[in-house]
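Trainee: Listed below are the residues making up each chain.
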Amino acid sequence: MSQTIKQSLSACIDGEATNEELRRVIDETLSNEELKRDWADYSSISAVLRGDKLTVEKELPDWNKLAASFPDDSNIVSLQNRGRVNRRTMVRSASVVLGLAATLVLGIAFLSPFFPGADDQATNLADSQTTSAEGIASNDPVDVSGVRASNVVNLPDDMQERHMQYLLEHDKNVTVVSGTPLTIPKVVSRKASTTP
Amino acid sequence: MRFACIALCFGLVQFALAEERTAEEWLQAMSKAQRETNFVGTLSYFDGAELTTLKYSHVILDGQVQERVSHLNGPKRELKRDGANVTIEVSQDDELLQMREQFEAGAITTTFQQPFDKLGENYDLEITGTGRIADRTAKCISVVPKEPDRYAIFLWIDEETCLLLRSEMRDEDHRLVNVLQFTDLKTKTVEPSEHAFSGEQTSGVVVDLKGVATKEVPSIEEVGWHTDWVPKGFQRSSSDTEGSFGSDTVRNVMYSDGLVAFSIFVEPAPESLQKAPMESETVSGSTVVVSRRVQHKKGDPSLVTVVGDLPKKTVWRIARGVRFDP
Numbered sequence: 000m001s002q003t004i005k006q007s008l009s010a011c012i013d014g015e016a017t018n019e020e021l022r023r024v025i026d027e028t029l030s031n032e033e034l035k036r037d038w039a040d041y042s043s044i045s046a047v048l049r050g051d052k053l054t055v056e057k058e059l060p061d062w063n064k065l066a067a068s069f070p071d072d073s074n075i076v077s078l079q080n081r082g083r084v085n086r087r088t089m090v091r092s093a094s095v096v097l098g099l100a101a102t103l104v105l106g107i108a109f110l111s112p113f114f115p116g117a118d119d120q121a122t123n124l125a126d127s128q129t130t131s132a133e134g135i136a137s138n139d140p141v142d143v144s145g146v147r148a149s150n151v152v153n154l155p156d157d158m159q160e161r162h163m164q165y166l167l168e169h170d171k172n173v174t175v176v177s178g179t180p181l182t183i184p185k186v187v188s189r190k191a192s193t194t195p
Numbered sequence: 000m001r002f003a004c005i006a007l008c009f010g011l012v013q014f015a016l017a018e019e020r021t022a023e024e025w026l027q028a029m030s031k032a033q034r035e036t037n038f039v040g041t042l043s044y045f046d047g048a049e050l051t052t053l054k055y056s057h058v059i060l061d062g063q064v065q066e067r068v069s070h071l072n073g074p075k076r077e078l079k080r081d082g083a084n085v086t087i088e089v090s091q092d093d094e095l096l097q098m099r100e101q102f103e104a105g106a107i108t109t110t111f112q113q114p115f116d117k118l119g120e121n122y123d124l125e126i127t128g129t130g131r132i133a134d135r136t137a138k139c140i141s142v143v144p145k146e147p148d149r150y151a152i153f154l155w156i157d158e159e160t161c162l163l164l165r166s167e168m169r170d171e172d173h174r175l176v177n178v179l180q181f182t183d184l185k186t187k188t189v190e191p192s193e194h195a196f197s198g199e200q201t202s203g204v205v206v207d208l209k210g211v212a213t214k215e216v217p218s219i220e221e222v223g224w225h226t227d228w229v230p231k232g233f234q235r236s237s238s239d240t241e242g243s244f245g246s247d248t249v250r251n252v253m254y255s256d257g258l259v260a261f262s263i264f265v266e267p268a269p270e271s272l273q274k275a276p277m278e279s280e281t282v283s284g285s286t287v288v289v290s291r292r293v294q295h296k297k298g299d300p301s302l303v304t305v306v307g308d309l310p311k312k313t314v315w316r317i318a319r320g321v322r323f324d325p
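Protein sequences appear in the order of chains G and P.
Just so we're aligned, residue 0 is where the first sequence starts under numbering that gives the first Met the number 0, counting upward by one.
Just so we're aligned, residue 0 is where the second sequence starts under numbering that gives the first Met the number 0, counting upward by one.
Just so you know, these hints were derived from the structure itself, not from any lab.
Where a beta carbon is used, it is the ideal one built from N, C-alpha and C, also for glycine.
Treat the hints with caution; some may be incorrect.
What the hints assert, rightly or not - Derived DSS-like pairs (lysine-lysine); straight-line CA-CA distance at most 27 angstroms:
{"id": "1", "chain 1": "P", "residue 1": "Lys-54", "chain 2": "P", "residue 2": "Lys-185"}
{"id": "2", "chain 1": "P", "residue 1": "Lys-311", "chain 2": "P", "residue 2": "Lys-145"}
{"id": "3", "chain 1": "P", "residue 1": "Lys-75", "chain 2": "P", "residue 2": "Lys-187"}
{"id": "4", "chain 1": "P", "residue 1": "Lys-145", "chain 2": "P", "residue 2": "Lys-54"}
{"id": "5", "chain 1": "P", "residue 1": "Lys-75", "chain 2": "G", "residue 2": "Lys-35"}
{"id": "6", "chain 1": "P", "residue 1": "Lys-187", "chain 2": "G", "residue 2": "Lys-35"}
To be verified - What the simulated footprint calls covered on chain P by chain G, stretch by stretch (three residues with Cβ under 8 angstroms from a Cβ of chain G suffice, anywhere in the stretch; the number is not a length):
{"id": "7", "region": "70 to 78"}
{"id": "8", "region": "279 to 292"}
To be verified - For the chain P half of the interface with chain G, some residues (derived, Cβ under 8 angstroms), not all of them:
{"id": "9", "residue": "Tyr-44"}
{"id": "10", "residue": "Thr-51"}
{"id": "11", "residue": "Leu-53"}
{"id": "12", "residue": "Ser-90"}
{"id": "13", "residue": "Thr-186"}
{"id": "14", "residue": "Met-253"}
{"id": "15", "residue": "Glu-270"}
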């Protein structure tokens, strides 16, 4: 399987795919069991990164219906002028940065014998930054704003249940108060098991 | 021949009307069509992680909206709306059912129409082109927020019926948050017998989501807290409710700007959550849930939870803006 289609698949899972990519992935996946498995794997990885619970039985999309649901891209008004960060671009950028970093390290290592005070200065600078950061942390009141998002998976069960119940309650408010095709599908599709 | 001429004239007038509509008028027309047109269709919904397929049926009977939305994949789940009453039929092992047993919901007092006429105050509305969705010609309307505190929405509206055919929600970097699209859509005249929900046999468990309010709910001023900040254009809907978690009363207020909504829940912080993080967050598709435990001067701490289809930073700002009166 080509790496390109896997990149497109990953973009689909991340919600970053263009219509064209989505169409291509769906077409490929119809006849490709390996790609279907990859879809499930990537979905699981994506779920873990989002802090979602994983279910034992991962429901796979109905690929035929999916294919039918997305018309040819030529028939859709294009609104895809966003500046999506392509993975390939990211890899290229990372390579350039790593290359520059390596050159810098080698350069310092090569030049340090000629400038004996350089190491000490660098160490002092690093120390001062660390000390400064610690000082700020110890003087400030306990900051609780950081206790979220990244550690959602560690939320106590009680809190997870409450979040789920409030999520459903919000869904119901929206459905009853302004139920339209814009809101109802979200409510009916809400998967209790994939929400922490 | 005469009939052909009349039909042609009628078609031309319709075409001219369609051409002359502004973006705002298209949204108004969509809102009206969604309320008044009988339609049946199949749609796909992708929330950024999961793709589902749903059968959607919308019928007006005796002036009352009746809707049925069935989940075609996975466990059976069917939402039924009969005027203000909404129920959902689920299988015995659906987790939704377990959740319902723990939370006793209040009832919504009234419903409100989506104030599309005010959308222009907070969104830039524009007709961006024409496309083809579900074998129908659709006008694409972009609804882009003036402030990045909410998502942009792109709507494809059927030129013939003015029904919604596709919608996309996108963040400020234009990344897709969710998308729904009808794959087929039919308008039809429906006989009452064809669409009567009441006499149907159900194979699963029916959960009553919300009914009409039976008791007076205290106003927000009476409950001792208020919001310092909500995004511009969001108005409190007439849907304040009181529910309960065990013996704790939960106060629920909903705000909407006509397209998206968020809910605020305030309850006494449960003892079981004393060791939980002071702030916590859950994300489900495009919906964000955040909770804060707030210690206020009156005594026991409260738990403030905000749920909304808004960017995280906006939901957090709303939650942190909930203040308790001294």
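Trainee: Would you mind marking each hint as holding or not holding in the structure?
Mentor: For each hint, the structure was consulted:
Our distance criterion of 27 angstroms between C-alpha atoms is met by P:Lys-54 and P:Lys-185, whose separation comes to about 12 angstroms. Annotation: proposed proximity of P:Lys-311 to P:Lys-145 holds, straight-line Cα distance about 17 angstroms (limit 27 angstroms). A distance of roughly 26 angstroms separates the Cα atoms of P:Lys-75 and P:Lys-187; the hinted pair therefore holds under the 27 angstroms criterion. At most 27 angstroms may separate the alpha-carbon atoms for a hinted pair to count; P:Lys-145 and P:Lys-54 exceed this at roughly 34 angstroms.
With a C-alpha separation of about 23 angstroms, the suggested pair P:Lys-75 and G:Lys-35 falls inside the 27 angstroms cut-off, and the hint holds. Under the criterion of a C-alpha separation no larger than 27 angstroms, the hint pairing P:Lys-187 with G:Lys-35 is inconsistent with the structure, at around 38 angstroms. Counting residues of the region 70 to 78 of chain P whose beta carbon lies closer than 8 angstroms to any beta carbon of chain G gives 7, which reaches the threshold of three, so the coverage claim holds. Under the rule that three or more residues need a Cβ within less than 8 angstroms of chain G, the assignment of the region 279 to 292 of chain P holds, with 11 such residues.
Contact between P:Tyr-44 and chain G, as hinted, is supported at the beta carbon level, the nearest pair being about 4 angstroms apart and thus within 8 angstroms. The beta carbon of P:Thr-51 is positioned within 8 angstroms of a beta carbon in chain G (closest approach about 4 angstroms), and the interface hint is therefore held. Checking P:Leu-53 against chain G: minimum C-beta separation of about 5 angstroms stays under 8 angstroms; hint holds. A distance limit of 8 angstroms between C-beta atoms decides the matter here; for P:Ser-90 the minimum to chain G is near 12 angstroms, and the interface restraint is violated.
For the restraint placing P:Thr-186 at the interface with chain G, the shortest Cβ-Cβ distance is roughly 14 angstroms, beyond the 8 angstroms limit, so the hint is violated. Interface hint at P:Met-253: satisfied, since its Cβ lies 5 angstroms from the closest Cβ of chain G, which is below the 8 angstroms cut-off. Because the smallest distance between the Cβ of P:Glu-270 and any Cβ of chain G comes to about 10 angstroms, over 8 angstroms, the interface hint for this residue is violated.
The structure shown violates the earlier hints numbered 4, 6, 12, 13 and 15.
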